[in-house]
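Heads up: the protein sequence lines correspond to chains A and B, in order. Following our numbering, the numbering of the first sequence begins with 120 at its first residue and continues without gaps. Following our numbering, the numbering of the second sequence begins with 228 at its first residue and continues without gaps.
Some hints could be false.
[Stated by the list, open to error] The calculated DSSO-like cross-link candidates involving lysine-lysine, where the alpha carbons are at most 27 angstroms apart (straight line), are:
no.	chain 1	residue 1	chain 2	residue 2
1	B	Lys276	B	Lys561
2	B	Lys478	A	Lys153
3	A	Lys152	B	Lys276
4	B	Lys302	A	Lys211
5	B	Lys695	B	Lys478
6	B	Lys752	A	Lys152
7	A	Lys152	B	Lys619
8	B	Lys561	A	Lys260
9	A	Lys153	B	Lys302
10	A	Lys152	B	Lys302
11	B	Lys302	B	Lys473
12	A	Lys333	A	Lys223
13	A	Lys211	A	Lys223
14	B	Lys395	B	Lys478
15	A	Lys153	B	Lys276
16	B	Lys473	B	Lys450
17	B	Lys619	A	Lys244
18	A	Lys251	A	Lys223
19	B	Lys619	B	Lys302
20	B	Lys619	B	Lys478
21	B	Lys395	B	Lys276
22	B	Lys561	B	Lys450
23	B	Lys695	A	Lys152
24	A	Lys153	B	Lys655
Worth flagging that the hints you see were computed from the coordinates, not collected in a lab.
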Amino acid sequence: MTQTNTAAFVRVEGILLARGVLSAAAYLAANAKKFGERAVRLGLVGLAAPVHRLLGQTDRALAHRLAHLAIRGMSQDRVEVLCEEYAEDVLKDTILDQGLELLKRLQAEGRRVVLLSDSIEPIMKPLARHLKHYDELVYNKIEFEDGEATGKLLDPVIGSNVGGRWLDDYAAAHDFELSRCAAYGAHGPDMLLLSRVGKPCAVNPDFVLRRSAKDADWPIIDYRD
Amino acid sequence: MNTPISIKHSYAGRHVLLTGVTGFLGKVWLAMVLQYVPDVGKIYVLTRKKALRPAADRFERQVQTSPCFRPLHEKYGADMSRFISERIEVVSGDVSQPDMGVEDPAVLARLRRDIDLVINCAGLVDFDPDLREAMTTNVEGARNAANFVAACDKAVLLHISTCYVTGKKNGLIPEVIRPDLSPDGQPFDVEVECAEVQVSIDAILAEHESPEMDKRAHDDAVKQIRDKGGDENNAMLVRNTARRIKRNLLKDAMVAEGQRRAGRWGFTNIYTYTKNMAEAWIARRLDPGRWSMFRPAIVESSMSYPFPGWNQGFNTCGPLSYALGSWFRHLPCKQGNPFDIIPVDYVCRGMTVAGAALMRGEHAPVYQCGSSDLNLLTIDRAVELVALAHRKHLRTRGDTTLDRVVKSRWDAIAVTPDHPMRIENIRKMTESVDEWLRDPPKGWPEFLRRRLGDLVEHTEDALESIDKIERMCELYLPFIHDNYFAFVTRNLLRHPVVEPEWDCDPRSIDWRHYWIDVHIPGLRKWCFPLFENKTPESYAPRHPFRLRSPEAAPAPHAEVV
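Okay, chain B solo, but in the shape it has when bound (with noise of 0.2 angstroms):
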């Protein structure tokens, strides 16, 4: 156990360079030590610059657009802008890009010699994302943060990852780092893969240049036309459905190839596989000392701060939640196994306390913060919570009598793949009634022949709905059904933090409480409407929030304690 950890001294006067703050953990974890640690020297945010909308006009939208900085508005109120202004300041860049992309000389000089500490949470989340994206975003990203720290006076780093970089295994998962072995314990040099990785692109891009796949793509965009009853002769139709087949086709073969390589290694998915190249670039490039790897697993919505339920769309748990409340009703997974979820600001807490730990050198290489070592949630129970939440919901605020009186009382169940009332076999029995509404029996009057036909549209609609839970389902086996993971996370308890608000042991997490009065409400509020179409709710402070510049809002000096 080492010596207890105030934040507020560890954090007073350090310089802290953010990436990825207009995603959910940087936007969080901002909020929450500009909230609890204004004493905190100047906090640079890496933003990109986006089209013609520059890096400040982005970063100002986010404070003032969402719901995550409320807690600041309420307490600094017409004061916020000037508050923000003189603890933040916007850097123009993109993490892809060696120098993370800042292009002014005298910037960059003066942040290499200011920088504290580098929180890298910028990366791409989704689990299959085109193959380029993901290694530009989470390989090269992390990369070149390295090589930014490597060459700073003081900077140390500490890189956002997963628990799920460690692959397919099953049980307790030590807070370790191997960066010379893949999850099947063949040797894994990151050099070779990231080469081997980019000629596989670079065949990939040029067979999809060929005249071969112009006339595949060609002949696909006229069949489409036809087949909706477009103009098959118009040359300009053709061009464009051509090429936004080709793109698909192009983006499709990318996934296809970093799915296979990353089941070659006995990584889950891409985003997993991606993820712990970066470990292996950063463990590669910096010393040990100057850096620490921070796994979170599933990081869902907030159990306080900002405020309960707070979540920004979508999120892992998102999707799931909400097809188990629709029809769907059984799904695949195996019982007993940990759904290990943690909720954000339990995330932020840890980072900031690794990073404090990080700076006073007293840090771990790894930090997993989850809850299945300490506080285990099983995805049956997980499931059965779900199911109890939207209970509650439907009971009283169903939209219909079908909901208050007959949804609300089927409850959504865990049961294994080969459950008689599994998704293959509801997609195979609507696609019966589907086929058999299409062409009902020939000697049946008309009128009634002609209504049964109505209905298809309705089956179609069913089918679509199948055909995305059957995908989702793929998607999260590996995480619900496969594999046990049981991640270590000790390494986070061994710095006893001062402050009470920064404890971040998650035995403290009452899931009943989080799934029925947190979770489930903040998805409904916060992400649902996402997968309805509608905007969710927004939120407009009192006093509009201008970012100041940085002559106007000098950087506050605090004492380095």
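Next up, chain A with everything else stripped away, as it sits in the complex (with noise of 0.2 angstroms):
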């Protein structure tokens, strides 16, 4: 059954890839220039990463921010070569079979599939010749000021608020109606958006969705382990 305007909103981390930010920016730290760098900045992913379980229940901007704090004053050359190997030697391999079989499925249903992922753009970018069935990919931009990266996400950052404003201007661009729309979501802060779409789904979802899906009697799909 073919539906036109129609969309399936996806989020990666937890869905598609078994990994997440945390890990790419401790990547990105562990191999900065300099030994000295690599442990100062392996020691502030170290420091984020408490912040991130805490408040990524609830608010992923800003642990994302947080995390991302730890490339600050990187080269965007560096950046860029790292996220390049971190997406082609590591997180290639993390693909989940399941979650492309799930995009398969969505866009054998005639949606839009709209990928939604927290990693940065020189993460995505590389990562995204090995991902299919999808339609587009939206990610987070990280600002680089004279060829060096500030540690700042661009806005609007994706993480928590895709449900908001971001969902009704994108829904109002490709002329989508929400209440006909899927959406897929894996953690706590996804529960502002799949309570926007008509057609709600937790994938794997951790803690707070799975109670939260459970008390709203939406579907729960789980292929990890």
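Since each chain sits alone in its own frame, please combine them into the complex, following the hints.
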């Protein structure tokens, strides 16, 4: 059955990929230019980890901002080379086959598949070559000034607010009726996104989202150990 | 802005004399023009004969074996010999001789009548060569080229120089020529300077022919033979060793004198000093309508033609990049200083555009061709890109686990010359270790002392490498630390080009892609093997190339537009 003007919004982390933002930040930090610098940056990621764990359940935007502060001052060349390396050597192997199957099914239903990723552009662009069955990939963008990363994520930060104004703007631009759209989330902050669409679904949900999905009677799919 | 230049039309039917065709630049230019302007008139390539090898043989070998001609071989296949022979005539000569060393009067007369453009690529590009050789090739060569052009009916001269002829200067360096001034602003007369150089050379030669020098060389030879455990009573061995020592002493004295004179006027080295004198001679000898100076910055691997990454063995970046891929990790330089690299195919395109403008009479006196003005690459960024390129290679293709795990993650960095890990300190440290290994504590067991003694050969190797790196750093410091060179490169852009394949705007260069995917892999293939005494990959076309005689290959009769 083909549906027109309907979309499926799918969170990448947790549904398509087994690794999240902290892992990427740690990889970048561990491969900074100097040894001392590596230790300091890894320390920053280490500090961001518990914050990410706590806030990640409710506000991923702030958690992402904190994690990416660890790459502040790194050259754009290094960030982009390392990100490509990370995507090719690490992330590519963590793509979940069941996630790709889900995308295939959604596309077969005639939906426009929009992938929402917390990761930054230099990681997602090379990774996009290995993803399939999607129409659009939305990711975070990091700011560079004079060839150096400022550590700042550019607005809108894909994390918590995709259920808000960003979603309204996107739906309006593409003439989508949100009540006919589907959304697949994996984390607590995805609740906002899931609650705005007609067909929400929790995939491999974390504790917060699982509880809310049960309360709201949303379907739950589990395929990760 | 001038009217757009069509390279095809500008060169169609025009006859060009090219010197320095065996060099990196000359070869790429020739291949490029033959590839994209097949309607060009005759290209006369001035080549020296060497020993018993005629000039034509040398040229034939270049076309036959150099990967630079690969695209042409692939395009023309079995027809390559005919195609090249119809367009090229090898002229036996030597740019350092009067009349360019062309001995046959009939050929000389024909050249003077027919040539439209002379491109003088010949030159000695070593930074600090023997002063005599630099004067002969760089100064006399340019002087002879100017005299030759003056005697031609219509020829104009595009002289290939270098941006660094401007000497030790800081900031934006304009595209101007001041033959009457030295870089530090002193009045400079090239004729007087050349005469003084000759006097110095004669004095050094006289000193080296003195009995005192003979005695010194003899004593040194005996000592050297004795140290190596040879027979110091072998008269022939002593004589030959003394001759070699004397030759080296003479060369050292010539280099030292060249460096002294270059430094006195504010030049960075003998190369830039002699190249500046070459420009001065040309400007003095020819009318302004008949010459242009083309000054490339640091010419490196090609971006796309003949194929990405092509370079011809040793070049400026090669030793530096190679050293940064070894255990040497702290390059002394000044962060933010430009590192003015320009791919060879961009330079060749620029030369072709400047040559066309010169033949049309729309030329500027100086064309600088670099990247620091319009697409700045700083030395610290270059070092980081080298490190990232080595990382990419070592992680996947490193020879040993040490390479793949440690070396790939230990990045080269740009540091100030007083950094604690500077090469001078590393040498001192290695020397101390070497000394200790040679004489370990007396009380230690004999077998351990012997084992430690065996390690001395490693410290000796390390000290030899450190010595090479120290000399390299010394050579490069004027360019990467002492001066801030940023060359204005606007004159070339004043000539818009009709054909996109001749676009030479450096703003189109993506440095990251160039260094990581093009330049360093190119150096790894064509240059690094030479440092390891290996032979780089050679090329063998499917259809052998043979230059046919001029009678068998008449000149193409293209219409001049």
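Hints, verified against the model:
1. At most 27 angstroms may separate the alpha-carbon atoms for a hinted pair to count; Lys276/B and Lys561/B exceed this at roughly 44 angstroms.
2. The suggested pairing of Lys478/B with Lys153/A is violated, with an alpha-carbon distance near 42 angstroms, which exceeds 27 angstroms.
3. At most 27 angstroms may separate the alpha-carbon atoms for a hinted pair to count; Lys152/A and Lys276/B exceed this at roughly 51 angstroms.
4. Taking the CA atoms of Lys302/B and Lys211/A, the gap is near 40 angstroms; set against the 27 angstroms cutoff, the hint is violated.
5. Distance check on the hinted pair: Lys695/B and Lys478/B sit about 18 angstroms apart at the alpha-carbon level, within 27 angstroms; holds.
6. Our distance criterion of 27 angstroms between C-alpha atoms is met by Lys752/B and Lys152/A, whose separation comes to about 26 angstroms.
7. A threshold of 27 angstroms between alpha carbons decides the hint, and for Lys152/A with Lys619/B the separation of about 14 angstroms falls inside it, so the pair holds.
8. Distance hint between Lys561/B and Lys260/A is unfulfilled; the C-alpha atoms sit about 32 angstroms from each other, more than 27 angstroms.
9. A threshold of 27 angstroms between alpha carbons decides the hint, and for Lys153/A with Lys302/B the separation of about 48 angstroms lies outside it, so the pair is violated.
10. Of the supplied pair hints, the one linking Lys152/A and Lys302/B is violated, its CA atoms being roughly 45 angstroms apart against a limit of 27 angstroms.
11. Of the pairs offered as hints, the one joining Lys302/B and Lys473/B is violated, with about 51 angstroms between alpha carbons and a cut-off of 27 angstroms exceeded.
12. A distance of roughly 26 angstroms separates the Cα atoms of Lys333/A and Lys223/A; the hinted pair therefore holds under the 27 angstroms criterion.
13. With a C-alpha separation of about 18 angstroms, the suggested pairing of Lys211/A with Lys223/A holds against the 27 angstroms cut-off.
14. Of the pairs offered as hints, the one joining Lys395/B and Lys478/B holds, with about 25 angstroms between alpha carbons and a cut-off of 27 angstroms not exceeded.
15. Under the criterion of a C-alpha separation no larger than 27 angstroms, the hint pairing Lys153/A with Lys276/B is inconsistent with the structure, at around 53 angstroms.
16. Of the supplied pair hints, the one linking Lys473/B and Lys450/B holds, its CA atoms being roughly 14 angstroms apart against a limit of 27 angstroms.
17. Annotation: proposed proximity of Lys619/B to Lys244/A holds, straight-line Cα distance about 19 angstroms (limit 27 angstroms).
18. The suggested pairing of Lys251/A with Lys223/A holds, with an alpha-carbon distance near 8 angstroms, which does not exceed 27 angstroms.
19. Restraint check for Lys619/B and Lys302/B: the C-alpha separation of about 33 angstroms exceeds 27 angstroms, so the hint is violated.
20. The hinted pair formed by Lys619/B and Lys478/B fails the criterion: a straight-line CA distance of about 41 angstroms is larger than 27 angstroms.
21. Note on Lys395/B and Lys276/B: the hinted pairing is violated, with a Cα-Cα distance of about 37 angstroms set against a maximum of 27 angstroms.
22. Taking the CA atoms of Lys561/B and Lys450/B, the gap is near 43 angstroms; set against the 27 angstroms cutoff, the hint is violated.
23. Restraint check for Lys695/B and Lys152/A: the C-alpha separation of about 25 angstroms stays at or below 27 angstroms, so the hint holds.
24. Restraint check for Lys153/A and Lys655/B: the C-alpha separation of about 23 angstroms stays at or below 27 angstroms, so the hint holds.
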